[in-house]
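Student: So you can see what is in the structure, the chains are spelled out below.
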Amino acid sequence: MAVLNVNGKAVEHNAEPDTPLLWVLREQLGLTGTKYGCGISQCGACTVHVDGAATRACGVPVSAVADKKIVTVEALAANGTLNKIQAAWVALDVPQCGYCQSGMVMAATALLAANPKPTDADIDAAMTNICRCGTYQQVREAIHAAAKA
Amino acid sequence: MTIQTSLGRRNFLVSAAAVTGGFSLGFHVPFLDDGVANAQAVKELNAWVVVHPDDKVVIRVARSEMGQGTLTGLCQLVAEELDCDWNKVTWEYPTPGENLARNRVWKNFSTGGSRGIRESNQYVREGGAMAREMLIAAAAAQWKVPASECSVSAGVITHKDQKLTYGAVAAAAAQLEPPKEVKLKDPKDWKIAGKPLKRLDTVDKVTGKQIYGMDYTMPGMLIAAVRACPVIGGKLKSFDAAKVEKMPGVKKVVAIDGNAVVVVADTYWHAQAALAALPTEWDVGKLGEVQQDGINAMLKEGLDANEAFVGNKAGDAKGAIAGAAKKIEAVYNFPYQHHVTMEPMNATARYTADKCEVWCGTQNGEAALAAASEASGLPIAKCDVYKLLLGGGFGRRGRSDYVRQAVLVAKEMPGTPIKLIWSREEDMTHCQYHPITMAKLTGGLDAQGNLVGLQIRISGQSILASLLPQNLVNGMDPATFQGFMPTGAEATYGYDVPNLLIDHAMRNPHITAGFWRGVNVNQNAIYMECFMDELAEAAGQDPLAFRMKYLKPKWAAVLKAACDKAGYGKPLPAGHFHGIAQVMGYGSYVAGVAEVSVSPQGVLKIHKITAATNPGHVVNPAQIERQVSGSFVYGLSAALYGEITVKDGAVEQTNFDSYNVMRIDEMPQVETVLVPTHDFWGGVGEPTIAVAAPAVLNGIYKATGKRVRNLPLMNQDLKKGA
Ligand code: FES
Ligand code: FES
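Heads up: the sequence lines are chains S and D, in that order.
Take the first sequence: its letter number 39 is residue 42 in this note's numbering, and every next letter is one higher.
Take the second sequence: its letter number 357 is residue 358 in this note's numbering, and every next letter is one higher.
Below, in silico cross-link-like pairs of lysine-lysine (DSS-like), each with a Cα-Cα straight-line distance of 25 Å or less: (1) D:Lys44 <-> D:Lys181; (2) D:Lys210 <-> S:Lys87; (3) D:Lys161 <-> D:Lys145; (4) D:Lys210 <-> S:Lys72; (5) S:Lys87 <-> D:Lys199; (6) D:Lys606 <-> D:Lys566; (7) D:Lys210 <-> S:Lys12; (8) D:Lys238 <-> D:Lys252; (9) D:Lys356 <-> D:Lys412; (10) D:Lys707 <-> D:Lys328; (11) D:Lys199 <-> S:Lys151; (12) D:Lys253 <-> D:Lys238; (13) D:Lys550 <-> D:Lys441; (14) D:Lys609 <-> S:Lys120.
Keep in mind that the hints were calculated from the coordinates and are not lab data.
All chains should be built: construct the whole structure from the sequences, respecting the hints.
Tutor: Below, the structure is given as structure tokens:
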């Protein structure tokens, strides 16, 4: 058994050390909000926070984050209250199919934490997640709205 | 919101429904945290509407939600006629099995072709209206007054100073005979439909709670990873299970359908690791010699072939062109493309000797049910499919190949639920791809620059020949002519050209072709609208003015609306240029104006798209806006990067690193212009995709003088002088 710090709790898992964090979260810990989209750090559907930084969980072996603080989308709404990004996402009806949106919300939350008033160029640089439904216009609007909230 | 997936209760409810007919399925319960409260059987008013004693309204949605917003729109239509309180509306999916058992009371489950609202609006509204009449009748009976003296608003029935809520009379109403006929509201009186209401399925998508097929889990479930022959149509020759059977977590290694190997393990990661290590040999025969160049040559030959299916003909195009003052000719290419839904294909199946159940995202629940029956060998009445929300569909999930595979594996392990997952690489290489085509366009202009004759020869692949050969009409695939049809409410050609010939030389390589969001409207709009600009230039006329001479009124109106809004013809910032395009598809009329610039180094920037749509009736303008802006991501991703190529018979691209798509930094500002004429029902999920590429390509020509006739743009050098 190895231990991880996920969403503020120490949790145990028995995955091999080279298992990507993504599959440990999804299959060992039941945190399926973190999505599989490509497995090669291209799409961002698996974005989590590792010590506060937006990180693609499919590209990180679980052994590399044993002593780090991992936060997944399930923990963003503290005590059931949506965070600023989630609230803006709901207010602007951003998601379509929604499959990319956990990753979008995680990336945008990390962006606002580091840069409370991002410009369009900052958004372009930070939000490299793929959305095949094409919610980019609403994603941009919602980040600006959250920054103002 | 939660999707209630407790099997015990579900089985109970389904069997209760089978005995007594039509109870709320307790499948989707956003308002009750305690799902048990919902397990009490509440009798439906009809197939579409269940009203609970606490006034909660459950609306049944047969079409699949994959991001396009159809469930919200359909609920709006039912709620409008029902006159209920929108804040109390929730929804559930009936299953395809229940549909069959009830004589297809929910009609068509198939969700594609932007059909959800335009083809079911009538019967779902009638369902809402009938339920309303029954609720009013029940209240009137309780008050012993004529129903005609009662009024209703937001789920409250009123007679003089008496009031009853829907919940209070729902049980009594459910006992009444439904009215024989109902009168639907005039859309201009709509209060719920037609309004920019929020989607009903948003919150769980931002908290990670939403369950997709990929996330579905059951007690005792195992995971299957699959690899089919890399050459579509090839066979499995041999595999060496012993090499991987001892790897961590591996439970079983099996072959299915003679063309794929599967590893079943405790986790996906274990299954995938063993699959990667599994020695496998394939028998690909001659197909292994097919190269992209060969496919291209096959299509090129079709451009001038004698035999072709005629899709649209007027007058004598050949004669008119031969006698024209000026003849213009151009050849365009459109490659294979992949849907790349964000969620790779997957399905969960459980097989026992007398039942086969499947949990998955599908665009066609009834086809998935048929696939489950066929793969399991059980009669269809012993099978069912429980639909989950889709992480994207785009036409890909209309096919049930992944359902079949999951059932075949489950059959190898009776009683054990099997979730079969395609890796992104498996998904990328085993799609049914957007068909590859080419077109040769030939136009004749008279001395005054009038278009006197036009000939369009399409050469390339037929979707129906690939997927539904039984639907070919004397060998011809009518869908090839989407956007070029002579008549019809679906995809009619908008230009009045006196002498016209549009035909198709069918050329079918071995790669499976399929429906891909927008389907054949996409490339047909590129061919037509780019060539229209070529003709306008040859005629020495502005592309808009030239089009307006030939466009029929509804097509012209929407193009004018887009151009007016974009300020077409007015000065733009230095180096910016407008390109335009229009088409009719999926029952709607659309047009787009792209504002682009190209730097001297050849860097394209798409600044803005102004897109006009006439969908007839507008059910939710906010959702249309989102479909339209999203459609440009889809259409422009294809125009910029979309290209699947074949090497040694197999698809070369494997993941997003070799099949790129647009990200937010390339997203133009999209302005949606709605110009509804309120006299028909058109779809909105697809049509605007088709104007994305031609509008941009026409803008690129103005910016650079280069006619791009081969997509994708990433293969083109737009540098000055290149
Ligand atoms: S699944 Fe990790 S980036 Fe795509
Ligand atoms: S909302 Fe569907 S992929 Fe982004």
